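K.L.:
Chain by chain, the residues run as shown.
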Amino acid sequence: MDNKNAQNLDPWAKPSGGFINWLKDHGRTFNDTTLFVSQRLASSLFVWFLVGIALALPGILWLAQMNLQAVGEGWQGRAGLTVYFEAGVSPAEIETALKDLKKMPQVEKTALTTSDQALQDFVAQTADSLELRDIMASLDENPLPASIQITSSEGADFIELEALQRQLRAKPQINDVVIEKTWLERLRDITTLLNRLGWIFGLLFGLGAIFVTSASVRLAIESRLEELLVLALVGATRGQMRRPFIYFGACYGVGGGVMAVMFLALILNAIEGPLQALLGSYQVPLVVKGFDAQFLLSVLGIGILLGVIGAWVAVRQRLHRAQFI
Amino acid sequence: MASIVLDNVTKQFSSGYKALVDVSVNFDSGSMTFLTGHSGAGKSTFLRLLIGVDEPTRGRVLVGGVNISQLSAKRMPWYRRNVGVVFQDHHLLADRSVFENVALPLRIGHFPANEIAPRVRGALSAVDLLDKEKLLPGYLSTGEQQRVGIARAVVNRPKILLADEPTGNLDPDLSKTIMDLFSQFREIGTTVIIATHDIELVKDMGQPTLNLVAGSLADPIVTQTKVTEFN
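Chains L and W, in that order, are what the protein sequence lines are. Mapping the first sequence onto the working numbering, position 27 (from 1) lands on 27, and the numbers just tick up by one. Basically the working numbering = 1-based index in the second sequence + 1000.
Take the hints with a grain of salt, since some may be wrong.
In silico DSSO-like pairs for lysine-lysine, Cα to Cα no more than 27 Å straight-line [claimed, not checked]:
{"no.": "1", "chain 1": "L", "residue 1": "K171", "chain 2": "L", "residue 2": "K103"}
{"no.": "2", "chain 1": "W", "residue 1": "K1134", "chain 2": "L", "residue 2": "K24"}
{"no.": "3", "chain 1": "L", "residue 1": "K99", "chain 2": "L", "residue 2": "K171"}
{"no.": "4", "chain 1": "L", "residue 1": "K109", "chain 2": "L", "residue 2": "K14"}
{"no.": "5", "chain 1": "W", "residue 1": "K1176", "chain 2": "W", "residue 2": "K1134"}
{"no.": "6", "chain 1": "L", "residue 1": "K24", "chain 2": "W", "residue 2": "K1176"}
{"no.": "7", "chain 1": "L", "residue 1": "K102", "chain 2": "L", "residue 2": "K171"}
{"no.": "8", "chain 1": "L", "residue 1": "K109", "chain 2": "L", "residue 2": "K99"}
{"no.": "9", "chain 1": "W", "residue 1": "K1074", "chain 2": "L", "residue 2": "K14"}
In case anyone wonders, no lab produced these hints; they're calculated from the structure. Note that the coordinates shown come from a computational prediction; the quantities given were computed from them, not determined experimentally.
Taking the hints into account, I'd like the entire structure generated from these sequences.
P.N.:
Here it is as structure tokens:
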């Protein structure tokens, strides 16, 4: 027996017009959801706030990890050493040391920063701090030493740089030699740590967002049980009954995503100044990477996904218990 | 249209209480039948079985030749879209206007948009509430709310119309109007079953009556040919 004949015999067969009706249902549900949420703006804002926090923390960790990685990559090209001279070393001695360094095979490039230049840089970078300016003004002489930044030649490995460090440290006019690579390695460790923390917090807070949405949708279901009963009795399908709550979840997710973006923008704005000073001390310009349209859409998308999952869990549990369905 | 057959139906709840005991009855398509009995006699359970809210513990409920207690959860909505139900306690949505309450079965059933308003207004006109379509149910009297529930039950011209005390909150004149409305549905082939305490109204209507006593069918107080014992 084909389907058409079967439908003719079955008085309670599924009516035709599936896809168009499905679209109509979505339109109706969208309107209902907008109305429902707008009537309960205060509680909706609370849910958005909580979901926003849950999304913002992993978001900021992800941004931090991404930017530190970018900084690390920027440094990798200039991996090398910084030679700090003793205070009071004469310019002639520094010039001699510079010439000697240039002859070394491990050295590709050198850049001299005199103590006066170091002071100027320091003053420029700490211009916002009145305390530091006062301290510097109270000093009789410039405490900052001259330094030479050495860019190692291509292929020079860490062991060679350490050997060079030992060799230079042995010179009396040199106070210290710092291998930048150790900072780079630390930076990579920090980046890895942030990456792991991002995932862990992402998972935990993602679950938190699901629970918050789920609990909110469960409350919405409880407040609309009467409506669900009526809908069931006038022939609403499970999909038609579930759909409004899935939309609530999506709505909570979108709102939470928007909140998260706002939180992130506020956080970035708040840390911009100190971060600029920190990076400036390493001659790295502050360019925040990752806080772009793709990231913002991803936050919104993840918010919607978590909201829908939370709503789905709540609807599945609650409607399953409702005997009339 | 849809004939209804209850075949040796018993409904026992988990507490052990038997709401219906070995009920067998046949309702032809286009029949109108009153279901009477004291509170607790099993009238509501009888209707709940027909709506598909409850399942019989034993026996079969056949509607249009289909055993509805075996309908899958997916198919149950398609069946219910053909059943208009008037509830004793109205079950109106408090945050929707009278119009939207009545339009609900049409929207759920995906009726064309241009049919919804005329049908809703037609149903509201039949229960004399056309001027209150924009009000929320909370602004209506109990009797008016009852009439909104009736309009909602008939708006999609169901094949089966089930009513639980539909005139409980209405004055005699309005009760007669509502019964005439139900009669009109019967005339176009709808199978109508009305549970009521109002014996006078039942007598006035002159339609077949089933009397439930402690979950079993007693002798009908008014008997006509349309209702027959199944066995």
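K.L.:
Give a verdict on every hint.
P.N.:
Here's how the hints hold up against the structure:
A hinted pair counts as satisfied when its Cα atoms are at most 27 Å apart, and K171 of chain L with K103 of chain L qualifies at roughly 16 Å. Distance hint between K1134 of chain W and K24 of chain L is fulfilled; the C-alpha atoms sit about 23 Å from each other, no more than 27 Å. A distance of roughly 14 Å separates the Cα atoms of K99 of chain L and K171 of chain L; the hinted pair therefore holds under the 27 Å criterion. Of the pairs offered as hints, the one joining K109 of chain L and K14 of chain L is violated, with about 79 Å between alpha carbons and a cut-off of 27 Å exceeded.
Pair hint K1176 of chain W plus K1134 of chain W holds up; C-alpha atoms about 26 Å apart against a cutoff of 27 Å. At roughly 38 Å between alpha-carbon atoms, K24 of chain L and K1176 of chain W are farther apart than 27 Å, so this suggested pair is violated. For the suggested pair K102 of chain L and K171 of chain L, the alpha carbons sit about 16 Å apart, so the restraint of at most 27 Å is met. Between K109 of chain L and K99 of chain L the alpha-carbon distance is near 11 Å, which keeps this suggested pair within the 27 Å criterion.
Distance check on the hinted pair: K1074 of chain W and K14 of chain L sit about 9 Å apart at the alpha-carbon level, within 27 Å; holds.
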